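K.L.:
Listed below are the residues making up each chain.
2 protein chains.
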Amino acid sequence: MSETLDDEQQAFRAELLDAGVLLGTALPGAYIHSEAFERVVSGVAAVVSDRARSTDHPVVVRVPPVMARSRLLETNYLSAFPDLIGSVHSFRGSHREHAALVAAAASGGDWAGDLTPVDAVLCPAACHQVYPLCGPVVPPAGLRFDVLGQCFRAEPSMDPARMQSFRMHEQVVVGTPAAALAHRDRWLSEASRVFAELGLTTTVEPANDAFFGRLSGVLAAGQRAKNLKYEVGGRTSSTRTLTALASANYHEDHFGTVFGLTTEDGATAHTACVGFGLERVALALFAEHGMTLDRWPDQVMVMLAVGR
Amino acid sequence: MSETLDDEQQAFRAELLDAGVLLGTALPGAYIHSEAFERVVSGVAAVVSDRARSTDHPVVVRVPPVMARSRLLETNYLSAFPDLIGSVHSFRGSHREHAALVAAAASGGDWAGDLTPVDAVLCPAACHQVYPLCGPVVPPAGLRFDVLGQCFRAEPSMDPARMQSFRMHEQVVVGTPAAALAHRDRWLSEASRVFAELGLTTTVEPANDAFFGRLSGVLAAGQRAKNLKYEVGGRTSSTRTLTALASANYHEDHFGTVFGLTTEDGATAHTACVGFGLERVALALFAEHGMTLDRWPDQVMVMLAVGR
Chain A
0 MSETLDDEQQ
10 AFRAELLDAG
20 VLLGTALPGA
30 YIHSEAFERV
40 VSGVAAVVSD
50 RARSTDHPVV
60 VRVPPVMARS
70 RLLETNYLSA
80 FPDLIGSVHS
90 FRGSHREHAA
100 LVAAAASGGD
110 WAGDLTPVDA
120 VLCPAACHQV
130 YPLCGPVVPP
140 AGLRFDVLGQ
150 CFRAEPSMDP
160 ARMQSFRMHE
170 QVVVGTPAAA
180 LAHRDRWLSE
190 ASRVFAELGL
200 TTTVEPANDA
210 FFGRLSGVLA
220 AGQRAKNLKY
230 EVGGRTSSTR
240 TLTALASANY
250 HEDHFGTVFG
260 LTTEDGATAH
270 TACVGFGLER
280 VALALFAEHG
290 MTLDRWPDQV
300 MVMLAVGR
Chain B
0 MSETLDDEQQ
10 AFRAELLDAG
20 VLLGTALPGA
30 YIHSEAFERV
40 VSGVAAVVSD
50 RARSTDHPVV
60 VRVPPVMARS
70 RLLETNYLSA
80 FPDLIGSVHS
90 FRGSHREHAA
100 LVAAAASGGD
110 WAGDLTPVDA
120 VLCPAACHQV
130 YPLCGPVVPP
140 AGLRFDVLGQ
150 CFRAEPSMDP
160 ARMQSFRMHE
170 QVVVGTPAAA
180 LAHRDRWLSE
190 ASRVFAELGL
200 TTTVEPANDA
210 FFGRLSGVLA
220 AGQRAKNLKY
230 EVGGRTSSTR
240 TLTALASANY
250 HEDHFGTVFG
260 LTTEDGATAH
270 TACVGFGLER
280 VALALFAEHG
290 MTLDRWPDQV
300 MVMLAVGR
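In the order they appear, the protein sequences are chains A and B.
Residue numbers for the first sequence follow numbering that gives the first Met the number 0, so the first one is 0 and each next one is one higher.
Residue numbers for the second sequence follow numbering that gives the first Met the number 0, so the first one is 0 and each next one is one higher.
These aren't lab readings, by the way, just hints derived from the structure by calculation.
Incorrect hints may appear among the rest.
Claimed, not checked - If you want the ones that stay clear, here's a sample from chain B, every Cβ over 12 Å from chain A, calculated:
| hint | residue |
| --- | --- |
| 1 | Ala-25 |
| 2 | Thr-115 |
| 3 | Ala-119 |
Unchecked claim - So the derived label-pair ranges between C-beta atoms look like this:
| hint | chain 1 | residue 1 | chain 2 | residue 2 | range |
| --- | --- | --- | --- | --- | --- |
| 4 | B | Gly-23 | A | Met-157 | 36 to 42 Å |
| 5 | B | Thr-256 | A | Gln-298 | 46 to 52 Å |
| 6 | B | Ala-140 | A | Ala-25 | 24 to 30 Å |
| 7 | B | Gly-265 | A | Gly-289 | 53 to 59 Å |
| 8 | A | Gly-112 | B | Thr-291 | 46 to 52 Å |
Only a predicted model underlies this, so the values are computations on that prediction, with no experimental measurement involved.
Even glycine gets a Cβ: it sits at the ideal position worked out from N, Cα and C.
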């Protein structure tokens with residue numbers, strides 16, 4: 000783990016665990032959700048989907064937590080974020096090798112090094128599973144998706160606001176550059192509006208991804224210079240450092256090129272997404288309204304329908 | 000992939016994909032769910048939780064798709080089912096090693112072999128994450144959990160009824176041997192009743208797990224001799240071979256010993272679970288009632304509240 004929690008973060012973590020909102024596990028950054036926490040997560044997802052349904056009429060899809068290994072190469076994720084990937088390995092050996100594996104494990108040795116990579120990796124971003132569905136020619140009005148899926152990033156942390164395993168709920172568009180930008184900007188506003196209605200104070204800031212490698216600074220600067228990424232920050236575990244509750248990304252022609260997507264005029268399609276970190280939004284709500292759902296404002300409870 | 004689909008299984012798969020109920024991905028056994036499929040899955044989960052709430056008053060928990068690596072050893076899963084595990088590996092090297100990794104990947108080489116096992120494995124069975132919460136002494140009335148989580152088993156198949164990534168919804172008990180058996184048997188009946196109300200024809204059969212290794216036959220025979228496992232089979236992709244829609248397991252003192260759980264008299268606690276394979280139940284419903292929710296029987300739609 001790279002980070003140490005400050006007093007405020009530790010207090011928030013303790014409050015969540017003491018109240019039973021989240022249950023800790025032996026794996027940092029993986030939590031068992033209480034019924035209350037899950038209701039809030041589901042409620043937030045329902046709010047986001049309702050807003051999308053009434054404006055964009057998106058195709059609603061739910062993506063699995065694993066995807067084909069080749070995706071990590073196609074999307075450039077292995078190149079940009081190798082330290083966050085989750086590659087899935089399993090046992091493909093003989094009975095004899097199995098006996099050796101179990102013996103190594105029993106003696107506390109490294110038993111996982113000899114496993115075989117299988118054709119599965121953990122999904123790092125829900126929308127990565129959608130672009131391959133879109134080709135080759137996108138209709139004039141563009142394609143819109145409401146995507147939700149369990150994501151994984153290999154960054155163990157004790158901060159509940161930085162989970163390794165979490166759900167990302169995204170509003171995705173594939174179309175012309177203008178359509179992509181308009182979608183991104185409209186959903187950025189919509190995210191701020193939803194958060195305000197839920198009683199959360201948030202701010203929109205330009206942002207960049209945490210690229211790996213020598214070119215990370217250059218890549219991040221390029222992202223900022225072109226205003227490709229914004230984050231909607233709110234308070235979760237810290238009042239000093241806001242947590243990105245949502246992230247709005249304009250990918251230009253990146254995914255269009257990768258997956259061979261064009262608009263009707265033959266130009267490469269552009270894409271954008273606005274992703275809600277559902278657990279983070281839930282955490283912001285517990286931070287703002289307290290650990291007991293019964294005491295949350297009526298308006299919030301009605302909106303999330305968590306009082307059902 | 001070990002199996003070839005017969006004509007009937009191929010036809011069912013094609014029907015699901017053609018109707019857009021499921022969307023195929025590049026990874027066998029991982030599907031993108033349509034809104035309709037997801038509604039059915041959620042509806043089935045809601046029915047199961049409702050039945051549990053009105054009888055057992057279980058603690059409701061939702062477990063993450065990843066868990067600590069040590070769990071696979073504690074539960075004996077690595078020993079019994081090494082070929083099904085999903086061990087998570089990531090990149091923990093230098094910038095130079097990263098360049099080599101990306102070059103290997105770009106040239107089509109094996110890039111995953113040198114990754115580092117991280118402290119995460121995919122969850123093979125939802126209830127495995129619950130037993131560690133229970134100790135050391137279980138109250139006289141026992142502990143009951145309603146557990147739902149995404150599970151993974153590394154067995155690629157083109158049969159939609161054998162997904163690699165799927166959700167398991169379990170009713171779990173920890174208590175005396177009598178309590179464990181009674182819970183298992185009551186939920187076995189309840190599962191059959193729920194399926195019947197949903198219009199499904201099912202049969203209960205003794206079963207065994209598909210253990211790995213030389214002792215697999217002995218272990219399976221032992222399971223059957225002691226009537227530890229039953230499956231509720233129904234039609235999904237085949238009329239000839241039924242699919243286990245639910246599985247009812249009495250673990251005797253296995254998890255109690257592993258996690259140090261005792262009843263108040265100092266005896267090792269026994270455990271049992273009845274798990275619903277939510278995607279499989281949904282598939283059985285699509286097989287029985289057709290690919291269009293609008294044409295499903297009113298009673299089923301009301302029960303699942305999928306007509307909302």
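K.L.:
If a hint holds in the structure, say so; if it doesn't, say that too.
P.N.:
Consistency of the hints with the structure:
| no. | hint | verdict |
| --- | --- | --- |
| 1 | Ala-25 | violated (4 Å) |
| 2 | Thr-115 | violated (9 Å) |
| 3 | Ala-119 | violated (6 Å) |
| 4 | Gly-23(B) to Met-157(A): 36 to 42 Å | holds (39 Å) |
| 5 | Thr-256(B) to Gln-298(A): 46 to 52 Å | holds (50 Å) |
| 6 | Ala-140(B) to Ala-25(A): 24 to 30 Å | holds (27 Å) |
| 7 | Gly-265(B) to Gly-289(A): 53 to 59 Å | violated (40 Å) |
| 8 | Gly-112(A) to Thr-291(B): 46 to 52 Å | holds (50 Å) |
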